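Which chain is which? The protein sequence lines are L and W, in order.
Using this note's numbering, the letters of the first sequence correspond one by one to residues 47 to 438.
Using this note's numbering, the letters of the second sequence correspond one by one to residues 47 to 438.
Hints are supplied without guarantee of correctness; some may be wrong.
No copy is singled out in the list; a pair is fine if it fits within one copy or between any two copies.
Claimed, not checked - Straight-line C-alpha distance at most 30 Å; calculated BS3-like pairs for lysine-lysine:
(1) K285 x K264
(2) K285 x K132
(3) K418 x K430
(4) K285 x K426
(5) K294 x K163
(6) K285 x K169
(7) K368 x K418
(8) K430 x K368
(9) K237 x K264
(10) K288 x K264
Source of the hints: derived by calculation from the structure; they are not laboratory data.
Bear in mind the structure is a predicted one, so any value in this text is a computation, not a measurement.
Number of protein chains: 2
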Amino acid sequence: MKVDSVDLFYLRMPNVLDIGDGSQDALLVRVRSGNFEGWGEAEASPLTSIASWIAPMSHSACHPVIDSVLGERIDSVEDIERISLKVRTNSFYGIIQSNLTFSGVEIALWDLLGQVKEQPIYKLLGYKTSEKKLPYASVLFGDTPEETLNKAKAMRKVGFSAMKFGWGPFGRGSVEIDSAHVHAAREGLGKDGHLLIDAGTVFNEDLEAAAARLPMLKSANVMWFEEPFAAAAISAYGKLAKMDPGVKLAGGEGAHNPLDAQTLIDHGGVGFIQIDTGYIGGIGPAYRVAQYATARGVQFVNHTFTSQSALAASLHPYAGLKDSWITEYPMEPKQLCVDLTVDKIEMGADGMISAPDAPGLGVTINVDAIGKYVVDAEIKVEGKVLYSTPTL
Amino acid sequence: MKVDSVDLFYLRMPNVLDIGDGSQDALLVRVRSGNFEGWGEAEASPLTSIASWIAPMSHSACHPVIDSVLGERIDSVEDIERISLKVRTNSFYGIIQSNLTFSGVEIALWDLLGQVKEQPIYKLLGYKTSEKKLPYASVLFGDTPEETLNKAKAMRKVGFSAMKFGWGPFGRGSVEIDSAHVHAAREGLGKDGHLLIDAGTVFNEDLEAAAARLPMLKSANVMWFEEPFAAAAISAYGKLAKMDPGVKLAGGEGAHNPLDAQTLIDHGGVGFIQIDTGYIGGIGPAYRVAQYATARGVQFVNHTFTSQSALAASLHPYAGLKDSWITEYPMEPKQLCVDLTVDKIEMGADGMISAPDAPGLGVTINVDAIGKYVVDAEIKVEGKVLYSTPTL
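The whole structure should be built from the sequences, with the hints applied where relevant.
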């Protein structure tokens with residue numbers, strides 16, 4: 047079989063707001079080969095990514111992604127690895143958006159291969175089982191500690207025993223204010239729950255400011271302290287980790303290739319590595335990081351805040367790993383992401399979820415429902431149309 | 047003063063070949079404020095970068111670059127830093143091409159500020175002098191050691207006492223073949239010259255293959271061993287550096303923010319950090335790396351293979367540093383890059399070059415000569431034209 051066609055779709059909500067909610071638009075990829083079809087999503091600026099798909103070549107290391115994908119053989123997992131390597135080799139300089147763009151394409155190739163082989167992706171990866179994961183609820187801090195307390199209580203009531211608070215006022219005022227929020231979150235969650243704190247890179251590279259938060263995080267028994275620094279601030283991570291903070295560091299959502307994640311493990315000292323399959327290059331690179339992390343006693347966690355198909359793509363790479371038992375679950379996605387799939391990865395009676403058992407990703411794109419979100423876009427160079435929105 | 051307009055131009059040669067020559071196209075940026083004008087270039091896929099400039103916002107951390115630049119105050123160096131931080135804060139997730147795109151904009155802002163203050167950029171950066179640098183000639187290995195020998199002899203004859211050989215057959219066959227090439231280069235250059243070897247990331251992450259080349263590199267008295275691994279393979283760099291190879295490692299052209307370069311210094315153990323001003327975010331980030339490197343005994347070197355204006359932009363950030371005394375000089379750029387500027391940074395009778403003393407970058411874009419290279423491009427979303435090629 048060959049990759050007969052690859053179509054990129056830019057979907058978005060009627061109104062996109064200037065808020066930290068990545069579910070307001072989507073870059074959806076459809077791959078076809080013979081009578082089979084696969085779908086994937088990238089966590090990336092749709093228009094920029096579409097341009098990287100078709101941009102005219104600049105030189106031998108700056109090819110558009112399409113050059114390495116269309117017409118390629120696709121019969122096995124090795125073919126996907128070969129195509130990935132081709133993209134890296136042909137697009138590594140001057141077109142770094144290609145890493146993100148290809149993530150969606152790569153996921154679609156796995157989904158397609160799963161349809162052909164009638165196997166869920168986790169089995170194609172070599173896992174025998176799809177282990178249960180504990181979903182955590184991810185929410186913003188309230189504007190006041192009281193609001194944070196109430197949010198935590200509400201989440202607990204819905205059934206979440208693990209929750210993550212982040213962003214909002216955290217790190218923007220005094221340590222005392224942060225502490226009040228963190229302890230309010232702990233109070234609302236209860237002593238037995240897993241509490242995660244996400245600084246959202248607020249300290250950039252400021253080691254001292256991040257370190258000042260450690261004692262109160264420890265006293266609230268926080269399980270991880272996420273993204274205190276900018277994604278690339280490896281040395282700051284490493285120094286904070288060496289302070290023996292009594293709370294593990296988490297990070298990695300900014301990794302746009304597996305080596306970035308390995309550097310954060312090797313030199314950043316994180317205890318949890320958080321990977322977005324739609325950002326790091328797809329299923330293969332995410333799986334590689336999961337194996338690398340596990341071998342070093344680091345827990346792998348997905349980073350997912352959009353759709354159920356993105357959630358499925360993020361679960362397969364570590365489906366079979368028992369030691370990596372927690373998972374980010376998109377809590378309040380916009381209607382676009384709700385409508386995107388026919389099915390949903392539901393929590394069981396025990397509150398746990400796992401990677402689906404149906405072929406490929408295991409969730410089905412709801413083609414009939416998403417037409418209204420498709421954005422009409424066109425890119426022309428010297429009068430020639432290089433991209434126009436394909437038909438769903 | 048305010049940033050009144052920013053215009054992005056996609057320039058290219060009539061025929062772009064699938065070869066390792068980045069001078070075949072260019073992303074040129076023009077910034078205007080009042081009666082002043084500044085120019086900059088990014089080392090980036092032009093069309094992809096243009097898309098990142100105007101792509102509709104996806105969420106609060108995925109703004110197009112234009113949102114952080116147009117209409118901003120531009121009176122001082124601090125304003126450029128403020129705008130840079132704004133871009134990083136507003137565009138750090140899902141639109142990583144923005145790092146490259148903004149490099150060209152940032153350089154244009156410095157050029158403009160230099161016109162306003164009637165100062166060369168290196169003085170705006172705080173340097174008192176523009177130190178002389180030794181330009182090295184950068185060429186590909188020949189297909190045979192004899193060819194490599196002849197290339198080295200020819201370069202020496204033209205006057206280069208420092209030269210870099212790379213790519214071609216290197217690392218693709220046996221150590222013996224590589225050794226024959228490296229020793230042929232040394233023979234052609236002469237005992238007293240500076241010989242640099244560029245592996246062009248050929249070993250990807252293969253520590254053993256790279257290490258096997260060390261003894262012959264040492265025996266040929268090679269000054270640096272450049273990019274043995276993929277840019278992000280920090281741990282592989284670090285392990286190779288710890289082998290006490292007798293030859294210093296060089297790398298960094300893939301750094302698309304200053305933290306990437308710092309990680310390569312801190313954990314990759316390089317002795318030379320090679321920065322492309324048009325890739326790392328512009329003059330400010332390159333200057334920051336130059337200072338960081340110098341404080342740690344690491345030499346800063348530019349990475350430049352295109353135009354004279356790119357060369358000027360790459361010289362200013364380390365103009366005043368005496369210890370960083372070598373510079374990459376674009377040898378055989380395509381006509382587009384020759385025509386791009388009115389003036390040229392010429393070698394003195396002593397074979398040395400230095401950052402220009404004229405205001406801003408110190409080289410002038412040849413607006414009359416480049417019109418024929420401008421590519422007509424258009425990007426439309428929902429019928430609205432977000433980009434069309436501006437008038438030169």
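Original post:
Where does the structure disagree with the numbered hints, that is, which hint numbers, in rising order?
Top reply: 4, 5, 6, 7, 8
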